[in-house]
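Undergrad: Each chain, written out:
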Amino acid sequence: MTGSAVGLPRTGLRRRLVTAFLLLTLLPVALLSAAVALLLSRGLEQAAQDRLQAGLDAAHSRFGALTTRARERLAELVADDLPALGSGDDNDLLDEIARRRELPALELLDGAGIVIASHHWPAGFGLPDHAGLFPGGAPYRIESVASGYGADERLAVVAEAPGRWRGRKVLLRGGSFVDEDMLGGLAALMGLEVGLYDEIRGRWTAPARSPLASWTRPGLGPARGEILLGEARLRWAATPLCSGLMLVVAAPEGTLEHTLSGVRRLGLAAAALALLGTLAGALVVSGRLARPIRELAEAARQVAGGDLRVSVPVRTEDELGSLARAFNEMTAELRLSGARLVQAERVAAWREIARRLAHELKKPLFPIQLSIETLRRSLDREPPPAPADF
Amino acid sequence: MKLLPWATLLLLVFLATRSPAALGPRYGGELRLGLPELPASLAPAPAAGIGPRAAAGLVHETLLGLARDGQPTAGLAASSVSAAEGREWTLSIGEHARFHDDRPILAEDAVRSLRAFLRGPGVAAAALARALEGGPAFRSRERDELPGLVAPDSRQVVLRFASPPAPPLATLASPAAAVTSAGGAGAGPFVPTVFAPGQRLVGTAFAGHLRGRPYLDRVHVEAFPDPAALAAQGRTGRVDLAAGEAGVEALAASVLLVLDPRRPPFDRPAARAAVAAAIDRAALMGRLLTGGAPSTDLLPPSLLRAPDAPRPAVGVGRFVPLSGAVTLAVSRDVPQVVSQRVLAHLAALGLRVHVVPVTPAGALNAPTELRLLAYVPEVPEPALALEELLALAPPPPDALERLEAARREADPARRLALLAEAHDALRGEGAIIGLGQAPVRFGGRARVHGARVDPAGRLVLEDAWVEP
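The listed protein sequences correspond, in order, to chains A and B. Quick note on my numbering: the first sequence kicks off at 1 and runs consecutively. Quick note on my numbering: the second sequence kicks off at 1001 and runs consecutively.
Keep in mind the hints are simulated off the structure, nothing from the lab. Values in this document were obtained by computation on a predicted structure and should not be read as measured data. Any given hint could turn out to be false.
[Stated by the list, open to error] Some chain A residues close to chain B (C-beta under 7 Å, calculated; not the full set):
(1) A123
(2) G124
(3) G126
(4) L127
(5) Y149
(6) G150
(7) A151
All residues carry an ideal CB built from backbone N, CA and C; glycine is no exception.
When you get a sec, could you build the whole thing from the sequences and use the hints?
TA: Written out as structure tokens, the structure reads:
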């Protein structure tokens, strides 16, 4: 009979030990990983929110600076340029002033709101000013700007100043355009998507490739949120520049997700490494623990096979050592008992032989004794026959 | 005393050398020409737009040309004789007329070219086919025989009409009626040696040209679809002549705003009248387009002196507010500032206008509510031009009637009067709004001389020369 045949698996105990070790390790490792991931995720989330807020603050401040600059330059224009105005075409003069004062948006209106001349929309002279306004006298306007065969509607940050042009009262309006280049530069500087959403007209001013421009019908009520635009998931924050005009900054969630996923991957790798280490340790330890038991089982199997000379090494002084020692004592005792048993069996065998011998000896003597007794009784009753009768 | 003549002579020589133009034309040199577009093919076609017209003028020659007064002038045909009370015309091809491949131009070449022309697009082809004997059936491909067009010998082409054409033979001046060889060679002043469709054309002087070899050795033509880029090429001298720059010009184009009267909001006559009245033509043509002439006429005054239109009441448009979104197709021949101004007026009326730039050919039949084009007739002849205009928008019946009457009218004065009435009826419909006459111009470096623009708005470089 083989070992397996008698139902003693060679690895059962070891497997159970390894499993136990792994189970004992898995839980703490998992808990630790989850805790680290959670802490890091919260930290990164907060960092992203802070970054968006910083972007909003920076952009807000930039638009404020544009307004201030427009106001200052217009004041200089009224004070210095208008009194020294030469002769010539109104548009040409205004173009020259606009270039000198670096005012991309500059127009001149009469008291009735009719455009006298416009630097950015030369075709608009003599027509009513129909720029798009925002409520509350905000410095933001949607202006028509000459572009190819038509016009573009562009958001401008402007200031206004009254003045006199060729002896008549006029209103000068000038400033800068919030165009894609300007927003693109701002976005590149901050590493964020930047856009302005005109809630009145439902349209974006944003760099050409910005995913914000594809955001139709945004609900910017809450100050921040997340949105999936095409393939990009964005984390955004918004603040009003004026009534009806929202400043929006956004960062692709991919960046944060990328970091978080990196952390997760690192945590998983560390956990896997820990589990591998545990497995290796468990294999070694379980091997050491299982080996004496396996040796005992093997020895027991040999004893069961009748080999009482077997003994197991005693390697430790612990319970397993005691067990091995007890086993060895047991086999020694069994050997002794075996010898006694053999002796007893011999004695019994001799006794049996003697009894049988005695029985066998008794068996032929009995008929002889009967014959003798029969003869004696015959002799007693009759004379003995003559010897000739024999 | 004897020194004075010598001193005068020396002074003249000095002045002449300082100012080469004073020495007059000289052979040689190259000219770089910038155009907004070039055609996709050099095959004869009704050329719409500055670029295709200029290219056709460089490469091709027609049997006849048209003078400023509308009368036919000699082209490949050196002479023409009428018979049968003006119903038969015999054109004699010039003895020395040759194609670019040096083959002589024969009557059979002219007949073959005219047969192709008659089956092609364009108002001139349709008008000629309508008038020629057997022409309608030939144009509609019902029959291949064309008894109205024959070549009795190698030099003569005979055209037979059902009734005397008025004016005679103007249709043959269409660029689509240019004569080419069987292999496609033209007979214009320059031989196309390099042609990248739509992009580039290099023409070399044709020594065998019927009016003599051009002064220039070579003309390099390049297309610059972006008007700003084209203007920059002209201003920086990278091209010698650029379309749209001040220089040589002719008041050959009518700036027209075409409204689709079948679609809102222009299905209302009041809306069309509001647009016509709202546009300040004086500001548009006077202040924004130097050299332009404000006018409500649909054709240049050199073609047709129309009766004075009732002066549109400026500001009427403000009382007929319009609304809605419309698309305005703008021909690239129209100066951008003119388009911007029209857009400003339309926006002031309350319309939201989406502007789409299109090619001059595309502007003729763009399916948009509005079209803005610098219209130059295929042939500078009033009846043909009016017929072309009538195709731009659904024509009013009275305009059609008067045009038909003008075709039948033999008396030139009465004919012109009928054409003027047809023009007035078309203008009164309000679907085609005349904004003014715009110059077709080419300008650039001062060292170019002798270039001109003909009444058909075509740049003519046969007599052009450059200072060394």
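Undergrad: With reference to the structure, classify each hint as holding or not holding.
TA: Evaluation of the provided hints:
At a threshold of 7 Å, the smallest CB-CB gap from A123 of chain A to chain B is about 4 Å, leaving the interface hint in force. For G124 of chain A, the interface hint holds, the least distance from its beta-carbon to any beta-carbon of chain B being 5 Å, beneath 7 Å. Because the closest C-beta pair between G126 of chain A and chain B is about 6 Å apart, less than 7 Å, the hint holds. The interface hint given for L127 of chain A holds, since its Cβ lies 5 Å from the closest Cβ of chain B, which is under the 7 Å cut-off.
The criterion of a C-beta within 7 Å of any C-beta in chain B is met by Y149 of chain A, whose closest approach is roughly 4 Å, and the hint holds. About 3 Å separates the beta-carbon of G150 of chain A from the nearest beta-carbon of chain B, less than 7 Å, and the hint is met. With a least beta-carbon distance of about 6 Å to chain B, the hint placing A151 of chain A at the interface is held under the 7 Å criterion.
Checked against the numbered hints listed earlier, the structure breaks none of them; every hint is satisfied.
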